[in-house]
Amino acid sequence: MYVKRNETGQIVQAAREPSAECREFVPPCAPDLQAFMAEDEEFEGIDLSKTDLAFIRVLEDLLEVLMDKGVISFTDLPEPAQQKVMERQSLRQRLNSVDLMGEEDDGGII
761 MYVKRNETGQ
771 IVQAAREPSA
781 ECREFVPPCA
791 PDLQAFMAED
801 EEFEGIDLSK
811 TDLAFIRVLE
821 DLLEVLMDKG
831 VISFTDLPEP
841 AQQKVMERQS
851 LRQRLNSVDL
861 MGEEDDGGII
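Each residue of the sequence shown is one higher than the one before, counting from 761 in the numbering used here.
Since the hints were derived computationally from the structure, they do not count as laboratory data.
Among these hints, one or two may not hold up.
What the hints assert, rightly or not - Taking CB as the label site, the calculated pair distances span:
no., residue 1, residue 2, range
1, Q842, E777, 30 to 36 Å
2, Y762, D812, 18 to 24 Å
3, D812, S850, 19 to 25 Å
Said to hold, decoys possible - No more than 20 Å apart at the CA atoms, straight line, and that leaves these computed lysine to aspartate or glutamate pairs for DMTMM-like:
no., residue 1, residue 2
4, K764, E799
5, K810, E824
6, K810, D828
In this text, a Cβ means the ideal position worked out from N, Cα and C, and glycines have one as well.
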């Protein structure tokens, strides 16, 4: 979001695109932007954190597509990001395979 501040530094206007009025970029998660939006009736009741889990899944899928297409490689990511991606992939694989043995009609024998 792009914002306009008053003399005391408080956000008084916000826009999705930069304009003559709103030139300063502020990330959507910035506390002062969230406080400003909470005061606005249009944004009342919106909690960005409620969309975080779904958005994380989108980012995971996007990362996978970019790697599959060769746009980026796994090793291009910083080490901490690589670790987090591997942890999430491992957890997802374990969650998806939890009931595989019980799904077969032949008594669970693969």
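* Asked: Are the Cα atoms of K810 and E824 separated by 20 Å or less?
  -> violated, 23 Å
Is the hinted pair K764 and E799 satisfied, with a Cα-Cα distance of at most 20 Å? OK: K764 and E799 at ~15 Å, within 20 Å.
request  = Look at the Cβ atoms of Q842 and E777 and judge whether their distance stays inside 30 to 36 Å.
outcome  = Distance hint for Q842, E777 holds at roughly 34 Å.
query = Are the Cα positions of K810 and D828 separated by 20 Å at most?
reply = Distance of about 29 Å is beyond 20 Å: violated.
Hint says 18 to 24 Å; check whether the CB-CB distance for Y762 and D812 agrees.
holds, 22 Å
Quiz item: At the C-beta level, are D812 and S850 separated by a distance inside 19 to 25 Å?
Solution: holds, 21 Å
Taken one by one, the earlier hints fail for this structure at numbers 5 and 6, listed in ascending order.
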